[in-house]
Amino acid sequence: MEALKDKLESSFLVFENELNGHSKNYIHQVRQKAFKVFEEKGFPTKKDEEWKYTNLKPILKKDFRVFHHNENNVDFADVRKYFLSDVDSYKLVFVDGKFSSWLSETTHEKFDICTFGSMLEKYPEVADKYFNQALPQEEPMAAINTAFANEGAFIRIKKNQTVEKPVQLIFFTSSQDQEVMQQPRNLIILEENAEVKVVERHQSLSSHEVFTNSATEIFVEKHARLHYSKVQNDTKQASLVDNTSVKQYGHSMVNLGTFSFGGKLVRNNLNFFLEDERTETYMDGISLIGEGQLVDHHTLADHKMPNCYSNETYKGIYDGNAKGVFNGKVMVHCVAQKTNAFQQNNNILLTDKASIDTKPQLEIFADDVQCSHGCTIGQLDEDAMFYLQARGIPAKEAKALLLYAFANDSLRNIKIAELRKKLNKLIASKLGVDLDFEL
Amino acid sequence: MLKINDLHAGIEGNEILKGINLEIKPGEVHAIMGPNGSGKSTLSSVVAGREEYEVSKGAIDFEGEDLMDLDPEERAHKGIFLSFQYPIEIPGVTVTNFLKTAINETRKAKGEEPMPANIMLKKMREKMALLEMDKGFLSRSLNDGFSGGEKKRNEIFQMAMLEPKLAILDETDSGLDIDALRIVANGVNKLKSKDNAVLLITHYQRLLDYIVPDFVHVLYKGRIVKSGGKELALELEAKGYDWIKEEMAL
Numbered sequence: 001m002e003a004l005k006d007k008l009e010s011s012f013l014v015f016e017n018e019l020n021g022h023s024k025n026y027i028h029q030v031r032q033k034a035f036k037v038f039e040e041k042g043f044p045t046k047k048d049e050e051w052k053y054t055n056l057k058p059i060l061k062k063d064f065r066v067f068h069h070n071e072n073n074v075d076f077a078d079v080r081k082y083f084l085s086d087v088d089s090y091k092l093v094f095v096d097g098k099f100s101s102w103l104s105e106t107t108h109e110k111f112d113i114c115t116f117g118s119m120l121e122k123y124p125e126v127a128d129k130y131f132n133q134a135l136p137q138e139e140p141m142a143a144i145n146t147a148f149a150n151e152g153a154f155i156r157i158k159k160n161q162t163v164e165k166p167v168q169l170i171f172f173t174s175s176q177d178q179e180v181m182q183q184p185r186n187l188i189i190l191e192e193n194a195e196v197k198v199v200e201r202h203q204s205l206s207s208h209e210v211f212t213n214s215a216t217e218i219f220v221e222k223h224a225r226l227h228y229s230k231v232q233n234d235t236k237q238a239s240l241v242d243n244t245s246v247k248q249y250g251h252s253m254v255n256l257g258t259f260s261f262g263g264k265l266v267r268n269n270l271n272f273f274l275e276d277e278r279t280e281t282y283m284d285g286i287s288l289i290g291e292g293q294l295v296d297h298h299t300l301a302d303h304k305m306p307n308c309y310s311n312e313t314y315k316g317i318y319d320g321n322a323k324g325v326f327n328g329k330v331m332v333h334c335v336a337q338k339t340n341a342f343q344q345n346n347n348i349l350l351t352d353k354a355s356i357d358t359k360p361q362l363e364i365f366a367d368d369v370q371c372s373h374g375c376t377i378g379q380l381d382e383d384a385m386f387y388l389q390a391r392g393i394p395a396k397e398a399k400a401l402l403l404y405a406f407a408n409d410s411l412r413n414i415k416i417a418e419l420r421k422k423l424n425k426l427i428a429s430k431l432g433v434d435l436d437f438e439l
Numbered sequence: 001m002l003k004i005n006d007l008h009a010g011i012e013g014n015e016i017l018k019g020i021n022l023e024i025k026p027g028e029v030h031a032i033m034g035p036n037g038s039g040k041s042t043l044s045s046v047v048a049g050r051e052e053y054e055v056s057k058g059a060i061d062f063e064g065e066d067l068m069d070l071d072p073e074e075r076a077h078k079g080i081f082l083s084f085q086y087p088i089e090i091p092g093v094t095v096t097n098f099l100k101t102a103i104n105e106t107r108k109a110k111g112e113e114p115m116p117a118n119i120m121l122k123k124m125r126e127k128m129a130l131l132e133m134d135k136g137f138l139s140r141s142l143n144d145g146f147s148g149g150e151k152k153r154n155e156i157f158q159m160a161m162l163e164p165k166l167a168i169l170d171e172t173d174s175g176l177d178i179d180a181l182r183i184v185a186n187g188v189n190k191l192k193s194k195d196n197a198v199l200l201i202t203h204y205q206r207l208l209d210y211i212v213p214d215f216v217h218v219l220y221k222g223r224i225v226k227s228g229g230k231e232l233a234l235e236l237e238a239k240g241y242d243w244i245k246e247e248m249a250l
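Just so you know, the protein sequences line up as chains A and B, in that order. For the first sequence, the residue numbers in the working numbering are 1 to 439. For the second sequence, the residue numbers in the working numbering are 1 to 250.
Worth double-checking, as some hints may not be accurate.
Derived pair list, reagent style DSS-like, types lysine-lysine, alpha-carbon separation capped at 30 angstroms [stated by the list, open to error]:
#: 1; chain 1: A; residue 1: Lys91; chain 2: A; residue 2: Lys415
#: 2; chain 1: B; residue 1: Lys165; chain 2: A; residue 2: Lys415
#: 3; chain 1: A; residue 1: Lys396; chain 2: B; residue 2: Lys165
Derived Cβ-Cβ restraints for the label pairs, each shown as a range [stated by the list, open to error]:
#: 4; chain 1: B; residue 1: Pro26; chain 2: A; residue 2: Ala395; range: 49 to 57 angstroms
#: 5; chain 1: B; residue 1: Gly175; chain 2: A; residue 2: Gln133; range: 57 to 65 angstroms
#: 6; chain 1: A; residue 1: Lys421; chain 2: B; residue 2: Glu113; range: 23 to 31 angstroms
#: 7; chain 1: A; residue 1: Lys236; chain 2: B; residue 2: Gly148; range: 45 to 53 angstroms
For the record, the hints were derived by calculation from the structure and aren't laboratory data. Virtual Cβ for every residue (Gly too), placed ideally from N, Cα, C.
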């Protein structure tokens with residue numbers, strides 16, 4: 001396991017050398033600091049409370065390539081299915097860690113939708129102000145991403161601007177000759193009263209093992225509104241660790257959905273820091289996975305100020321020997337009176353071999369709050385199955401219909417109709433049915 | 001149409017039905033009455049094919065075909081419909097989509113093309129009018145937040161759409177107020193023809209004022225202990241079930 005750590009350590013020196021004049025600037029000092037955190041802590045192991053149920057060790061044994069010098073091209077025709085193609089959209093597409101300008105559609109006109117790399121060049125003051133200000137400093141996976149942070153998506157929506165078209169972020173891995181590690185870094189800023197819809201996806205096109213360690217920082221200023229969907233449906237050779245941290249300011253609204261059909265291993269660390277009053281936060285999630293797959297959702301709603309609302313609904317369906325993990329932490333600081341926090345995690349295990357470890361974790365230091373949580377683990381309801389079958393619906397379709405109904409309310413906040421359609425289709429195909437309607 | 005011969009069935013090793021014999025011909029309405037725990041709902045579940053029940057002996061024939069090895073959906077495709085005492089709530093699936101799936105799966109099983117959407121919609125409107133149902137109903141999630149009466153009406157609506165040969169109505173009257181009962185019964189009567197049959201399963205005689213049976217059977221401790229015409233139901237209502245127990249020396 002230390003092989004990858006050693007490799008990252010030596011790679012960091014190479015990375016620094018290649019920065020030339022930039023190695024002395026503030027951003028690089030932040031990187032160096034983060035690198036030290038990683039050097040000290042190393043990769044998380046099952047001994048860490050936060051990683052008790054998710055073991056990275058088997059992945060870390062592989063001989064991943066960390067740098068990608070060659071620009072690999074992919075044909076749009078081959079990857080079209082990973083895009084929302086019926087809707088006009090902005091696109092930031094990366095292939096093997098490099099920005100693919102010809103698959104992308106950027107803008108600097110009314111707002112900035114471009115790359116993290118060009119942000120570092122063009123707007124150093126933005127980097128100085130926001131870089132590594134939202135992610136938890138001590139999280140080793142986020143730290144190693146920060147240490148190498150160089151490329152990814154940059155979105156900045158200026159005050160009072162609404163972006164009508166959705167923004168698609170797609171990270172492809174196409175490299176065919178070796179196992180590859182990717183570390184995209186994204187920065188998203190919504191200024192006061194701005195609004196944008198974002199869809200993020202990581203997709204391996206490789207037959208080799210892929211390990212993506214992604215990190216995204218999001219700042220949502222007063223009255224701004226963000227709709228963000230993560231679609232996770234990768235190959236069984238691809239693993240993803242995603243650290244996403246959101247800072248929300250007064251009266252802002254964020255809904256963030258994580259729709260996970262898995263890969264090999266998926267770990268989502270999703271943190272919301274509610275920095276000012278009257279924010280609204282919706283976290284929705286689906287895990288629908290089967291044989292050989294693991295999906296782990298670790299979420300945090302950090303209520304630092306009074307009168308904030310958070311609502312979390314995660315649904316899990318596990319087939320084969322799939323393994324699910326859910327850990328929902330709600331922190332209510334002593335000043336955060338009138339907090340309203342709701343959390344729900346419901347799971348269905350379709351086999352005896354599937355498992356779920358679910359843990360609500362509420363830490364409440366204020367006395368005038370409304371916090372509720374609930375988690376359930378069950379099987380498919382036999383009464384309901386019989387009801388549908390007695391109406392002439394075959395067992396397989398009946399099962400799919402019930403699971404559809406079960407997962408359905410996690411799709412409620414999706415604002416992009418085509419995405420909703422796509423997810424419905426994906427759910428149906430994962431359940432092995434072809435239903436001619438949408439929910 | 002339906003021939004039940006010496007049927008023994010139970011669940012988890014407990015025998016509940018202990019030798020049922022029953023024959024239903026096209027055009028007939030049968031009522032099975034009996035006290036709680038006599039096996040009424042078990043009988044309807046077994047005919048509809050619920051897997052949890054084990055049939056240890058006997059046979060169920062439907063139009064000359066043995067039902068024993070058929071799944072519930074296959075029995076439905078052959079024209080058996082069970083109206084549930086406690087219909088299941090399915091949030092997120094609308095009444096329309098549910099019915100569309102049920103009807104087209106049945107057609108698929110018969111080798112027919114899906115029903116064109118406009119014809120289906122027309123039919124839905126017709127049947128809804130018959131049951132005095134509101135249009136908004138179609139876009140509601142199936143049984144989700146429905147009142148007891150709405151659920152029962154929805155069951156009969158599904159029956160009207162699926163046009164079964166044999167409809168088994170399990171305690172359809174329970175939880176219905178008198179107006180809803182009248183509407184539901186009226187719907188069932190209008191759907192009645194010389195080619196289809198109805199099996200009413202009920203605890204009370206009340207429903208039989210509205211849907212008049214040709215035959216009434218009394219089920220007690222897993223056996224049909226007495227059969228007669230519609231007057232038997234009135235007798236049961238007046239005297240309760242005790243006199244049968246005495247008469248049969250059970």
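Broken hints, by number:
Checked against the structure, the hints that fail are numbers 2 and 4, while the rest are satisfied.
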